[in-house]
Every structure is written in C-alpha cells, then in structure tokens.
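There are 2 protein chains.
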Amino acid sequence: MRIRYEDMKGVFEEILLSRGLSAHDAALGAKIFADNSLCGVLSHGVNRFPRVIEYIDKGGIDVKSECEVVFTFGPFERWNCHRGFGPLNAAKAMERAIEISKKAGVGVVALGNNNHWMRGGTYAEMASSAGSIGICWSNTMPNMPSWGARNPTIGNNPLCIAVPRKSGAPFLLDMAISQYSYGKLERERLAGRTLPYPGGFDEEGNLTSDPSLIEKSRRLLPMGYWKGSGLSIALDLLVTLLSEGLSVKEIGELETEIGLSQIMIALDPEKFGIDDLDSRVSSTLEYVKSATVAEGFKEISYPGEGLARARKENEENGIEVVDEVWDRILSFRC
Amino acid sequence: MRIRYEDMKGVFEEILLSRGLSAHDAALGAKIFADNSLCGVLSHGVNRFPRVIEYIDKGGIDVKSECEVVFTFGPFERWNCHRGFGPLNAAKAMERAIEISKKAGVGVVALGNNNHWMRGGTYAEMASSAGSIGICWSNTMPNMPSWGARNPTIGNNPLCIAVPRKSGAPFLLDMAISQYSYGKLERERLAGRTLPYPGGFDEEGNLTSDPSLIEKSRRLLPMGYWKGSGLSIALDLLVTLLSEGLSVKEIGELETEIGLSQIMIALDPEKFGIDDLDSRVSSTLEYVKSATVAEGFKEISYPGEGLARARKENEENGIEVVDEVWDRILSFRC
Numbered sequence: 001m002r003i004r005y006e007d008m009k010g011v012f013e014e015i016l017l018s019r020g021l022s023a024h025d026a027a028l029g030a031k032i033f034a035d036n037s038l039c040g041v042l043s044h045g046v047n048r049f050p051r052v053i054e055y056i057d058k059g060g061i062d063v064k065s066e067c068e069v070v071f072t073f074g075p076f077e078r079w080n081c082h083r084g085f086g087p088l089n090a091a092k093a094m095e096r097a098i099e100i101s102k103k104a105g106v107g108v109v110a111l112g113n114n115n116h117w118m119r120g121g122t123y124a125e126m127a128s129s130a131g132s133i134g135i136c137w138s139n140t141m142p143n144m145p146s147w148g149a150r151n152p153t154i155g156n157n158p159l160c161i162a163v164p165r166k167s168g169a170p171f172l173l174d175m176a177i178s179q180y181s182y183g184k185l186e187r188e189r190l191a192g193r194t195l196p197y198p199g200g201f202d203e204e205g206n207l208t209s210d211p212s213l214i215e216k217s218r219r220l221l222p223m224g225y226w227k228g229s230g231l232s233i234a235l236d237l238l239v240t241l242l243s244e245g246l247s248v249k250e251i252g253e254l255e256t257e258i259g260l261s262q263i264m265i266a267l268d269p270e271k272f273g274i275d276d277l278d279s280r281v282s283s284t285l286e287y288v289k290s291a292t293v294a295e296g297f298k299e300i301s302y303p304g305e306g307l308a309r310a311r312k313e314n315e316e317n318g319i320e321v322v323d324e325v326w327d328r329i330l331s332f333r334c
Numbered sequence: 001m002r003i004r005y006e007d008m009k010g011v012f013e014e015i016l017l018s019r020g021l022s023a024h025d026a027a028l029g030a031k032i033f034a035d036n037s038l039c040g041v042l043s044h045g046v047n048r049f050p051r052v053i054e055y056i057d058k059g060g061i062d063v064k065s066e067c068e069v070v071f072t073f074g075p076f077e078r079w080n081c082h083r084g085f086g087p088l089n090a091a092k093a094m095e096r097a098i099e100i101s102k103k104a105g106v107g108v109v110a111l112g113n114n115n116h117w118m119r120g121g122t123y124a125e126m127a128s129s130a131g132s133i134g135i136c137w138s139n140t141m142p143n144m145p146s147w148g149a150r151n152p153t154i155g156n157n158p159l160c161i162a163v164p165r166k167s168g169a170p171f172l173l174d175m176a177i178s179q180y181s182y183g184k185l186e187r188e189r190l191a192g193r194t195l196p197y198p199g200g201f202d203e204e205g206n207l208t209s210d211p212s213l214i215e216k217s218r219r220l221l222p223m224g225y226w227k228g229s230g231l232s233i234a235l236d237l238l239v240t241l242l243s244e245g246l247s248v249k250e251i252g253e254l255e256t257e258i259g260l261s262q263i264m265i266a267l268d269p270e271k272f273g274i275d276d277l278d279s280r281v282s283s284t285l286e287y288v289k290s291a292t293v294a295e296g297f298k299e300i301s302y303p304g305e306g307l308a309r310a311r312k313e314n315e316e317n318g319i320e321v322v323d324e325v326w327d328r329i330l331s332f333r334c
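Heads up: the protein sequence lines correspond to chains G and L, in order. Residue numbers 1 to 334, in the numbering used here, belong to the letters of the first sequence in order. Residue numbers 1 to 334, in the numbering used here, belong to the letters of the second sequence in order.
Everything labelled a hint here was simulated from the structure, so no lab data went into it. Certain hints may be false.
Unchecked claim - From the structure, some residues in chain L lie toward chain G, with a derived Cβ separation under 10 Å:
#	residue
1	75
2	190
3	192
4	194
5	204
6	228
7	236
8	249
9	277
To be verified - The calculated DSS-like cross-link candidates involving lysine-lysine, where the alpha carbons are at most 25 Å apart (straight line), are:
#	chain 1	residue 1	chain 2	residue 2
10	L	31	L	312
11	L	103	L	166
12	L	102	G	271
13	L	166	L	102
14	G	58	G	102
15	L	102	L	31
16	L	166	L	58
17	G	102	L	271
18	G	216	L	289
19	G	271	L	103
20	L	289	G	103
21	L	103	G	103
22	G	103	L	31
23	G	102	L	103
24	L	271	L	102
25	L	271	G	271
26	G	31	G	9
27	G	103	G	271
28	L	312	L	166
29	G	31	G	58
30	G	216	G	184
31	G	9	G	58
32	L	58	L	31
33	G	102	G	31
34	L	271	G	289
The C-beta atom is built at its ideal place from N, Cα and C for all residues, glycine as well.
Put together the whole structure using the sequences plus the hints.
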C-alpha cells in the first residue's frame, strides 16, 4: 500500500508519544523516520520502525535519557549520550553544530555512547538545508574483515558529506565503507540475483558476487579493497578519539551494536568568505553530468540526485509500504 | 645503484640552491624529495626530481614566488600560492596549520593556485610527527570518468589521514581515489602482468584488469565504483570552496596539471582533552592486526606500516635508484 508522508509521520509521532517521549522529541523522531522513508531509504525508515519500538518496549533504549555535554573547547563539544535514542541524539547534535557554526564558522559535536543513527544522510542534510556544509560519520560494530583478514575487525562506518545548493538537488554523499550492505545482500539473494560486482569473499577466500556465499562467510568486501579498509580504520580512530567513545573493537565486546561513536561537523560558508558557493558547486556538478554516458547507463547523476527524485515521487504518490509492516506499526498504537 | 639518504638529500639541495631557491627552501625541498624516496615512493621522489628541475628550468615553476595569505578567520587561513613550488608550499602550509593547532586546537590552511604536492602523506606525517592528527587532500586535473561516464570529469584526488603513535609506526592513510594510478598501470604493463583486480574499463565499457587496455581507453576505475566517484566529487567541492582555488573542471581547462587546490588540517589532541591517545590508537591497530590472516596473505598490516618498513630498510641499505635516473640528476649540477 502507499501511505502519505504526513499520515506516516502522524502515526510514528503518536506511537513515540505513547512510549514516553516529550512532544518535541516524538515530533523530531517521527520526522526522521518518515523522512528516511520519503527519500526511499525504507531500511532505515518505515521498515526499521517496528524493531525500534520493540527495542524501546524491551528497555533497550531509554528514550528519556538526555545527552550530557562532557567537554567543550571553542566550537567543539563532546557529548555522552548515555545510550539513548540514536537518531534523536544525532539530530540534536547536528542542530547544535549548525548553531555553533553560525557564530564560529564551524561547529563540531562528537557523540560517544549513542545508538544507531539510522540514515546518516539525515544529519548532513540538516546542515545543507541550513545553508551550511555538513560532514558526519559514525562507527559500527566489527562487521567486515580488514584487508588481508578472514574475520571482521573493522566497521562499515558510514561517512556523509552534504554541500548546499540553491537550485537543483543538494550534493549528498552518504556511503558506508562496505561495497554492499547486508541488507542489499539479502534483497539480491531473495530476488535470486547476483551482485553487479563482487561484494565479498566466500569461505575459501575467493571474491564472489553471490550474496548467499558472503552472508555465509561474513566476509564483506570494503570499497576499493585495501583503500576502504584503511579509510574505515581512519574514521574509527578519528571519531573514537574526538568523542572519547567506544571504538569498533570495544563495540564488538558488547552483546549487540550499541554505544556507537559519531561526529557532526557544520561549516558556514559565509563565515569563510565564500560568496560564490552556488555557482561554484553548480559548475562542478554540471560538468560531471556533462560527460558522455557510458555503455549500460541511462544517465550520469551526482550523489544526492537519486534521493531528491525519490523524495519528489513519494511526496506525490505516497510511500510504498509492505502491508504487513504497516499493520505491525499500527498495532503499536495504544 | 643504492644511494644513501644523506647523499641524495645533499645532491638535491645543491641542485635546488643552484636554481635560485633560498637556503631554507632548498633544504626543505631536498628533504621532501629525499624522504619520499626513502619511504619507497620513488615516483614522487628521486624518479620525479629530474622532471621537476626541467620544469623549473623551463620557467614552468617560479621557485621564488611566495604564498600570499588572502583571508583569515579564527584558526583558518586561505593562501594563494601563485603557482609556485608545490611541495614546498604544501609543507609550509602544514607547518602553519600545526603552529595554529598548538594554540587553537585545530589549524586549517587552504591553498589555491598551488602545483602538484608530490606525496600527500608527507604533509599528514608532518602533523603526526608533531603529535597532532593530520588530514590533507588535493584535487587534480580531470583524469578519471565519474561513475556512469565514458570520459574523465573527476580527479583521482589524494586523501591523507595521519594519527600519531608513540611506539610503532604511525597510522598513515595515503590514498588516491582511483583504484590504481597510471604509474601502477605502466609498471604492470612493462612487467607483462595483469592487475590483481579490475582497474578500469576497456574502450567497449567492460571492466578489465589489463593495464594496456585502460591506458588506451583512459577509463580509470574509482575505488568502490560509484562510492569513490562520489567521494572524489566531495573532496573537490570542499577543497575548491575553502581555498577559492581551481576546481577539477577548471584545472582541466589549463594546458597542463597546474594551479591545484589543497587543504591542510592539523588537530592537537591535548587541546581536545584526549589524554589516552596512544593507548586508544594502539588498541584499535593491534585489534586489526590480531585477526586471522586470509588465504593468500602473509600478514595483516595497517596503513603506514609498509612505509615505515621501507624507510627503515632504505635507511640501512641506501635507496635503490636506476643508474640512468641518478646520472640525469647529477647532470643538473652546475
């Protein structure tokens, strides 16, 4: 079925309110999950919402816990999020980074002890919507072998970079460091398809495009082989040091993927004397799009365009949701 | 033949002095090229030195031009490098970023109008040698098709991240965004080898590991396919905006690869209250190394270890240089 954005957000809000969130937090949390669904990222939107509510109901997330500012230095703040509601804390941290950037040029909030932030692009886009450049990344549990290893010791740590644009879709890079997510492997396996490019190793250490073999071996491939492996370690080191939060290794010692470390950076172009941002960004993005389209491709798009298109379509037609998922969500209403 | 580090540096210094560089600049320039050779990156060290001198002799680089500070804002400086001596300007910019970071916690210098910086790791390592975290990147001419394109509109922009370590090799990620460099393609072709993994497309748009087919099509593959393509665009947007320098597109409009944009970031961990940096970094890196080694690999190493090993070996045994290259270099002495 198709659910209209406003209706979906209303249902999410009602459910979050019933779980004890404040009016402000329920509205913000509902907006994040509905927005993620609107732009087509159902895995971190409507499809994930039931699991999040179950987790709250089991006491796995204390929705009333508040982030604590444990260190400040100039435009930098370090927060301890006490394993509260991940997306809510991440959004509040980027709000704060943007607020700082409007005065100090740049604002940085490093979050330790948070939970999964769902779609990382949410927070980078908050900055670009406010006219700022947004950069954020998170670590994860160890879910990918480093280059040359059999067993997972690095994270598929997502990295997001958003650059504002007055006309046209904003630039939004939102990428995890694994070539494919486990979600993608599952979808392709269920559809009986192989991956377009090798996504990991089988149990004998051969690169493979068969999703089921990778699900079995748990040997996901980092993007760019040794390069993504190194970038993943770099992102973990930086976020762990700045947040004084848990590293990928330390998250792996817990019973499940909790207590993640994240960082939110907002940069106000005006404060840096950049007065031609829009024309410079457009010049680069239009140049990229001006190339000759390669064999087997329909068009050349830059990161963020596909998301903007999905958002527009779903705004017009409603968001496609599997009936059982929506029924399950409605059952959470008290 | 093998040349000792000090001898190589001395010859470089003598030649640079003879080309009109100040005593300070000749010593710093010689150190950069000798250090790059010492750690095994000959392509940006001794093997590149003759081309650089030829370029200076032809007037392509004005070695006496000084970088100009055109904008400052808090711990941020923007420099116009007037197309001077790339590695020298890059080193001075990172020196300045480190100096700022020791007071302000973070220091950022964005360079427009510079020339090729040679080995990017040089500058990130300057920060880690000073106990700071170093991050830097550069753009390039358009030398790689974006994802879905036939012709090059993005750069293989190098990104470097260094994290200091008291014992053991410092962490140093130094990666260009293309899966392989053209230098690597040439070496593998001359050795009659194919690439270990696909490195680009042939002229019909098929992924290939044959270096000669990629050299012919000029269709290098970005690391991680669409992911590296997006990351390359992000790095170009950020460095171009912050430096107000030329974008990949604009560099492509010049007759050769000049006028590059670069950024140097240094971050002093002490100012951010990070008092357990060493144990945290070691914990993560030792964890990565503790994994089971995969089939076909001898060991698991983290970015920076190979460099440190090459440096130690070459310190002991001298740097292996092709006779003709060294003869050519000696011929530059007046």
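Hint check results:
Look at residue 75(L): its Cβ gets to within about 8 Å of chain G, closer than 10 Å, so that hint holds up. Because the beta carbon of residue 190(L) sits about 23 Å from the nearest beta carbon in chain G, more than 10 Å, this interface hint is broken. The closest approach between the C-beta of residue 192(L) and any C-beta of chain G is roughly 22 Å, which is over the 10 Å cut-off, so the hint fails. Against a cut-off of 10 Å between C-beta atoms, the interface hint on residue 194(L) is violated, since the closest Cβ of chain G lies about 15 Å away.
With a cut of 10 Å, the hint placing residue 204(L) at the interface with chain G holds, because the nearest CB-to-CB distance is about 7 Å. Hint status for residue 228(L) relative to chain G: holds, with the closest Cβ pair at about 6 Å, below 10 Å. Nearest Cβ of chain G to the Cβ of residue 236(L): about 6 Å, under the 10 Å cut. The hint holds. Here the hint on residue 249(L) is kept, as its CB sits about 4 Å from the closest CB of chain G, short of 10 Å.
A distance limit of 10 Å between C-beta atoms decides the matter here; for residue 277(L) the minimum to chain G is near 6 Å, and the interface restraint holds. With a C-alpha separation of about 16 Å, the suggested pairing of residue 31(L) with residue 312(L) holds against the 25 Å cut-off. With a C-alpha separation of about 22 Å, the suggested pairing of residue 103(L) with residue 166(L) holds against the 25 Å cut-off. The straight-line distance between the Cα atoms of residue 102(L) and residue 271(G) is roughly 23 Å, inside the 25 Å bound, and the hint therefore holds.
Note on residue 166(L) and residue 102(L): the hinted pairing holds, with a Cα-Cα distance of about 18 Å set against a maximum of 25 Å. This hinted pair does not check out: residue 58(G) and residue 102(G) have alpha carbons roughly 40 Å apart, beyond 25 Å. Distance hint between residue 102(L) and residue 31(L) is fulfilled; the C-alpha atoms sit about 24 Å from each other, no more than 25 Å. Of the supplied pair hints, the one linking residue 166(L) and residue 58(L) is violated, its CA atoms being roughly 44 Å apart against a limit of 25 Å.
Under the criterion of a C-alpha separation no larger than 25 Å, the hint pairing residue 102(G) with residue 271(L) is consistent with the structure, at around 23 Å. A C-alpha spacing of about 23 Å is found between residue 216(G) and residue 289(L), which places the hinted pair at or below 25 Å, so the restraint holds. Pair hint residue 271(G) plus residue 103(L) holds up; C-alpha atoms about 21 Å apart against a cutoff of 25 Å. A threshold of 25 Å between alpha carbons decides the hint, and for residue 289(L) with residue 103(G) the separation of about 43 Å lies outside it, so the pair is violated.
Proposed proximity of residue 103(L) and residue 103(G) is supported: the alpha carbons are some 20 Å apart, at most 25 Å. The straight-line distance between the Cα atoms of residue 103(G) and residue 31(L) is roughly 41 Å, outside the 25 Å bound, and the hint therefore fails. Only pairs whose Cα atoms come within 25 Å are accepted, and residue 102(G) paired with residue 103(L) is accepted, the gap being roughly 22 Å. For the suggested pair residue 271(L) and residue 102(L), the alpha carbons sit about 8 Å apart, so the restraint of at most 25 Å is met.
Our distance criterion of 25 Å between C-alpha atoms is met by residue 271(L) and residue 271(G), whose separation comes to about 23 Å. The suggested pairing of residue 31(G) with residue 9(G) holds, with an alpha-carbon distance near 6 Å, which does not exceed 25 Å. Simply put, residue 103(G) and residue 271(G) have alpha-carbon atoms about 8 Å apart, close enough for the 25 Å limit, and the pair holds. For a cut-off of 25 Å, the pair hint linking residue 312(L) to residue 166(L) stands: about 17 Å separates their Cα positions.
Between residue 31(G) and residue 58(G), the direct Cα distance comes to roughly 23 Å. Compliance with the 25 Å bound is thereby established for this hinted pair. Distance restraint check for residue 216(G) and residue 184(G): the Cα-Cα separation of roughly 14 Å lies within the 25 Å cut-off, and the hinted pair is therefore satisfied. Distance restraint check for residue 9(G) and residue 58(G): the Cα-Cα separation of roughly 23 Å lies within the 25 Å cut-off, and the hinted pair is therefore satisfied. At roughly 23 Å between alpha-carbon atoms, residue 58(L) and residue 31(L) fall within 25 Å of each other, so this suggested pair holds.
With a C-alpha separation of about 24 Å, the suggested pair residue 102(G) and residue 31(G) falls inside the 25 Å cut-off, and the hint holds. With a C-alpha separation of about 43 Å, the suggested pairing of residue 271(L) with residue 289(G) is violated against the 25 Å cut-off.
Consistency with the previously given hints fails for numbers 2, 3, 4, 14, 16, 20, 22, 34, ordered from lowest to highest.
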